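Chemist: Protein chains in written order, with the working numbering: chain A, 1 to 569; chain B, 570 to 910; chain C, 911 to 1246.
Just so you know, the hints here were simulated from the structure itself, not pulled from any lab data. Given the structure is predicted, the values throughout are model-derived calculations rather than measurements. Using N, Cα and C, we set each Cβ at its ideal position, and we do this for glycine too. Check each hint, because a few of them may be wrong.
Using 30 Å as the maximum straight-line C-alpha spacing, the simulated DSSO-like pairs for lysine-lysine come out as follows [unchecked claim]:
1) A:LYS234 to C:LYS1032
2) A:LYS323 to C:LYS949
3) A:LYS234 to C:LYS1100
4) C:LYS949 to A:LYS190
5) C:LYS1021 to A:LYS265
6) B:LYS652 to C:LYS1100
7) C:LYS1032 to A:LYS265
8) B:LYS625 to B:LYS652
9) A:LYS190 to A:LYS450
10) C:LYS1021 to A:LYS234
11) A:LYS450 to C:LYS1021
12) C:LYS962 to A:LYS450
13) C:LYS949 to A:LYS526
14) C:LYS1100 to C:LYS1151
15) A:LYS265 to C:LYS949
16) C:LYS949 to A:LYS450
17) C:LYS1032 to C:LYS962
18) C:LYS949 to C:LYS1021
19) C:LYS1100 to A:LYS265
20) A:LYS234 to A:LYS265
Cβ pair distances, simulated, as ranges [as the list claims (entries may be wrong)]:
21) C:PRO1055 to B:GLN797: 42 to 52 Å
22) B:ARG798 to C:TYR1236: 22 to 32 Å
23) C:TYR1070 to B:ILE699: 26 to 36 Å
24) C:GLU1111 to B:GLN797: 48 to 58 Å
25) B:GLY756 to C:VAL1234: 40 to 50 Å
Residues on chain B that point at chain A, a partial pick, calculated with CB under 10 Å [what the hints assert, rightly or not]:
26) VAL658
27) GLY756
28) GLY851
Single-letter residue listing:
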Amino acid sequence: MKRRTLQYSRFLALLLVFALMVGVVSAQGDRKVLVDAGNAVGASDVPTLDPSLATDTSSIQVLIETNPGLTRINEVTLETEPSMATWTVSDDGLVYTFSIMPEVPWVKYNAETDAVEQVLDENGNVRYVTAEDFAYGIRRSIGGQLGSYYGGIMASWVVNGDAVYAGELPVEELGVEVLDTYTLQITASKPAAFLSTIFGMWQAYAQPAWVIEEYGDFWYEPESFQGYGPFTLKEWIHGESITIIKNPFWPGTENIPVPALDEVKMMVLEASAALANFEAGAADVSIVPLSDIDRIQADPVLSEAYYVGPGSCTYIYGINTAKPPLDDARVRQALSMSINRQALIDNVTKGGQQPAFFFARPSLAAAPHQEDYPEYVLGEDVEVARELLQSYLDERGITLDQMEPITLAHNESEGHARIAQAIQQMWTEALGITVEIQTQEWAVYLETIKSDDAPQVFRYGWCLDYPDAHNFLFDVFDSQVRELGINWNNEDAAEFDSLVEQAMVEPDMQTRTDLYAQAENLLTNKDAAIIPIYYYTSLNLTQPWVQRTHSQFGQEYFEKWDIDLSARP
Amino acid sequence: MSVTDIASLSEARPKGDSLWMDGLKRLARNRMAVLGVVIIIFFILVAVFADQLAPKSYEAQVLADNNAAPQWVIDMFPVMTSKADGGYVTVSNDYILGADDLGRDILSRIIYGTRISLAVAFVGPILALIIGLVMGLIAGYFGGIVDNIIMRVVDIFYAFPTLLIIILMMAYFRGSFNESSSQGTFGYALYMADRSMGGMLFIFIGIALTSWVGLARLTRGEALSARQREYVIAARSIGSKERGIMFRHVLPNILGPLIVAETLTIPTYIRYEAFLSFIGLGVNRPTPSWGSMISDGSRAIASYPHQAIFPAIALFLIMFAFNFLGDGLRDALDPRMRGVE
Amino acid sequence: MGAFIVRRMLQMLLVLFVISLFTFVVMRAVPGGPFSSEKSLPPRTLAQLEAKYNLDEPLVMQYIHYIGDIAIPHITENRLENSVLNDYLINIYIPVVDRTFRWMNFGPSYKSVSQTVNSIIKDTLPVSATLGIGALLVALVIGVPAGIIAALNRNSRWDYIAMGVSIVGVSIPVIVLGPVLRYVFGVQLKWLPPTGWGGIEHIIMPAFALGFAESARLARLTRASLLQVLNEDYIRTARAKGLAERVVVGLHALKNAMLPVVTTIGPLFAFLITGSFVAELVFGIPGLGKFFVTSITNRDYPVIMGTTLLLGFLVIVANLIVDVVYVWLDPRIKYD
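Only chain A is shown next, with the shape it has when bound in the complex:
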């Protein structure tokens, strides 16, 4: 390594005089400032910090630290645990009563004093987070006519929610009631096992009414932002970075401790730029570019920093079951069975992903594990796939050449392109079919795949909003939702709907799991209406001086992290 550096220097010192300038290394002193490169917020500007409007992982990453919800998901066990409140549920599973932690102050970063300050009300008293603040947040999300996506999701779970969302009922009619300063009661429209998780999501975070009234659409910019969590917003350079700073007034709880870090700077960086920062020692945590995984795994230093853990999404190929030849289940099964998922993972995606045969990720509550239900797993078998295809061709009395060509569509991205090209070759080799790859730009692609005229096969992915199988099987495929329209045969569609709707209200976990397993059987095996490919992993690089937890659901809890300053160079 040394020698190589020397070679470079000799060669380049001649060429470039300006390189004499030495980069300024900023002095961090003994403050614990963690620099995150592209891992927390990705490659484009954080769209919003309004809890009512947030829909993407990076906005939620910041909010989860600045405005914790009533409940929150444990990043490792994925169980829902108390956050700002503890709660009780009525026997009919409809009334949720939340006792909010008293005397947690609203805080604000003051750029002039470079300190986090408590927020005072008009009488000079400290403003504490109250049930009213949470109620305000929920009412604003559902009844504010803001076009809140998750407000809409939550609306269907709260009494009168849908009518309030549509503006047909005043917001006061919403099933959200402030019992006293620190007690909030939410009345659900129907019972479900995962309601405590839904009520802890960002659209239900406490929001500062007084700030929103004064600053309008700009209230969450750093000049006016107020939070109450373990961190609060310090700086937001749009398109470059967003920095959160420790809130010294956070009392610390069992689940949300007082942070050890002083600041977290989340840099907006594309993956290979992020890795460059990590390798240069300018970042403590980094996202992992696919192209560099081989080198990282072989490198003695980087391989120590490399982490692979469960992710939060499933990668699938969706199918337009109305278009021949994919209107026949045998052809769909043949396609699914002739993908060598492990070879794809080892050679193309490389991040240690798990081959998927079911849609719902195994880490979700009530999700069936494919190894527990081998009879429902379609599996991989090229021989059987060929027979299935042949029987289809024989039935139609055509040859392979006469079969309609298959179009495989994906949105433009290098990673999707690699996978599509590899699968294209697998299908051609195994079945002798012609597959045309079609690439579309993102916005066009979304419109295409959700139209009735969707391509025969198309890439699709789904990431969890809350860790329950319902979020995958019901929210995507139930005919009430039709996130992804499937025109499979009517009997099975009706049966699928009844299975996932039964599972939604079923209290017993094992029974729920069995119901979901049967639904998976219809979806991925019997009808093969989709082709599951793999379960995502979450990959990152962490410098050895950082002690951290690894989240399984897309956001990190930085208050559980620490930096060993003595080990940091």
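Following the hints, complete the assembly by docking chains B and C onto the known chain A.
Modeler: Here is chains B and C on its own, set in the frame of chain A:
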């Protein structure tokens, strides 16, 4: 302008030939320009005989050989270390320049990619040249209000951010004309034509739409100034018709500068193709183009530099060739450069 | 001269108007909308968003409102509701009537919800302009001397070397040069921070990556132009008078040879501001290019319109400045 030149104009055909022959002779004396021509001819031959030259298929994948490189490539790039030396690169001397991330032969992909890059280098500019020439001549010939309208259109296109218009048009073409366009319509025909060209048609249209402007301006300027030249005045004085003058006398005289200008812009078009690939609006995969190979490879440059560097070298050679040819042509054809030596 | 500039300004308004119309039509013809996402919005949510941004009106009305918001000045209360729909570029307090004069509202961003086109441009244009100036300096410092050396030593070894180096520049795409620079100087040698923005040390690599390619163009232009000038009669006369070659070239030839070079600097600068998308991505720079390219993929209509108009404006102004400088450099040219 000498007396002999005016004399020659009175003949039915202008002696443009001698002007061109003269230019070619000059060009032949310019060693770098000749080298440029040789390189371009070489790449044309590579493109034509790609099927015979390529050692492997450009699309066949050997997944196990993903990112493989031969030993000499590993030795060339200090960052790469082979698996045998505790590194990460699969060594395979089957691939002369190594394999890409799906185990496809890079050399074969470069060879086939020549077709796209040369097509971008020729088809786009020729389209632009035709549009620009016609518009410019019309403006210069008719003058007055026609000239005014055309030049305002040119002004508008000129102020238009080129890249934005290309991106927007590409998004429009790709989005609007796709498989779902009903058969028999214009959109469907365009889509099928584009598909059969590996997704290049829309790139050509995008380039042509934005690049004719400069040429139109140049043509008009040359046409206007040509009208004031002695030989045109002479032609007019002996009774030649205006249209005849435009096409017989003016056109051959301004073609030189136009071709020069266009040759010099060819590298820009080749770069556009690379940029479009980078933002995901390039050719359809797995059709290889140098631009898409470079943009895919650039993301892996810290681990597998060969994937971007080799196509970049090919790109460099062709740009080098077009640049020197363009310079040479200008020196040879531009009348204002006469007698510089 | 004054009349000329006024006329050009009026022409510019017309050109910008046509650009806005064209962009609007093409942009709205592209399939996909600003609120498409992997998790599709329920119709009721979409309806709220469309109402918020007036996207539920007929297209013609949307365009008229858009242009109206920009072009028509408003006299309003001093304090407006804090809304992304109310962000004016020009706000002047008029004491007599105790009202505020406001003009040029380019609309909100649909993607960055608390941002407006005005605020995005205010944030990013200085960044892009700084980078553009840096790149232009690199291009000039390398390109012009290389062109002069080549021209003065025509067809010699120096000519070939200078032209060869400049062609290397124009032939290496920023997509390759950027990551290579970042890896060598940022990661291996650690001389410069690999990415970021703020200090002079952050500008060097991206300015070089962008400017190197343009230096090639300038070098070739300088060479050609200088060769042509050296052949003009007045240079021959100067030489014949026995003036030292240095004086001939330095004083007489160079000044005139710079004319076409100046012509390209204007558009080049405008190009560098817009063409920096790749450099911004590679070096993590919060510039205009990123917003400009991603606004198209996001269908962020007001941002697409705003950036297009801004860039069109920059190109026109750059060309106007060039024309004015032209007169100053070459007194023979007159505009009437």
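Chemist: Run every hint past the structure and note whether it holds.
Modeler: Hints and how they fare:
Straight-line distance between C-alpha atoms of A:LYS234 and C:LYS1032 comes to about 20 Å, which keeps the hinted pair within the 30 Å bound. Our distance criterion of 30 Å between C-alpha atoms is met by A:LYS323 and C:LYS949, whose separation comes to about 23 Å. Between A:LYS234 and C:LYS1100, the direct Cα distance comes to roughly 28 Å. Compliance with the 30 Å bound is thereby established for this hinted pair. The hinted pair formed by C:LYS949 and A:LYS190 meets the criterion: a straight-line CA distance of about 23 Å does not exceed 30 Å.
Between C:LYS1021 and A:LYS265, the direct Cα distance comes to roughly 22 Å. Compliance with the 30 Å bound is thereby established for this hinted pair. This hinted pair checks out: B:LYS652 and C:LYS1100 have alpha carbons roughly 27 Å apart, not beyond 30 Å. For the suggested pair C:LYS1032 and A:LYS265, the alpha carbons sit about 23 Å apart, so the restraint of at most 30 Å is met. With a C-alpha separation of about 24 Å, the suggested pairing of B:LYS625 with B:LYS652 holds against the 30 Å cut-off.
For the hint pairing A:LYS190 with A:LYS450, the CA-to-CA distance comes to about 29 Å; that is within 30 Å, so the pair holds. Restraint check: the Cα-Cα separation between C:LYS1021 and A:LYS234 comes to about 22 Å, which is no more than 30 Å; the hinted pair holds. For the given pair, A:LYS450 sits about 21 Å from C:LYS1021 by alpha-carbon distance, which is consistent with the 30 Å threshold. Using a Cα cut-off of 30 Å, the hinted pair C:LYS962 and A:LYS450 holds, with the two alpha carbons roughly 24 Å apart.
At most 30 Å may separate the alpha-carbon atoms for a hinted pair to count; C:LYS949 and A:LYS526 meet this at roughly 26 Å. Of the pairs offered as hints, the one joining C:LYS1100 and C:LYS1151 is violated, with about 56 Å between alpha carbons and a cut-off of 30 Å exceeded. For a cut-off of 30 Å, the pair hint linking A:LYS265 to C:LYS949 stands: about 29 Å separates their Cα positions. As the CA atoms of C:LYS949 and A:LYS450 are separated by approximately 10 Å, the hinted pair is consistent with the 30 Å bound.
Straight-line distance between C-alpha atoms of C:LYS1032 and C:LYS962 comes to about 24 Å, which keeps the hinted pair within the 30 Å bound. Of the supplied pair hints, the one linking C:LYS949 and C:LYS1021 holds, its CA atoms being roughly 15 Å apart against a limit of 30 Å. With a C-alpha separation of about 21 Å, the suggested pairing of C:LYS1100 with A:LYS265 holds against the 30 Å cut-off. Of the supplied pair hints, the one linking A:LYS234 and A:LYS265 holds, its CA atoms being roughly 9 Å apart against a limit of 30 Å.
Our hint of 42 to 52 Å for C:PRO1055 and B:GLN797 is violated, since their Cβ atoms are close to 37 Å apart. As the Cβ distance of B:ARG798 to C:TYR1236 is approximately 24 Å, the hint placing it in 22 to 32 Å holds. The hinted window of 26 to 36 Å between C:TYR1070 and B:ILE699 holds, with their beta carbons roughly 34 Å apart. C:GLU1111 and B:GLN797 have their C-beta atoms about 55 Å apart, which keeps the hinted 48 to 58 Å range intact.
Distance hint check for B:GLY756 and C:VAL1234: the Cβ-Cβ separation is about 46 Å, which falls inside the suggested range of 40 to 50 Å. A distance limit of 10 Å between C-beta atoms decides the matter here; for B:VAL658 the minimum to chain A is near 8 Å, and the interface restraint holds. The beta carbon of B:GLY756 comes no nearer than 14 Å to any beta carbon in chain A, farther than 10 Å, and the hint placing it at the interface is violated. Interface restraint check: B:GLY851 against chain A, minimum CB-CB distance 9 Å, threshold 10 Å, status holds.
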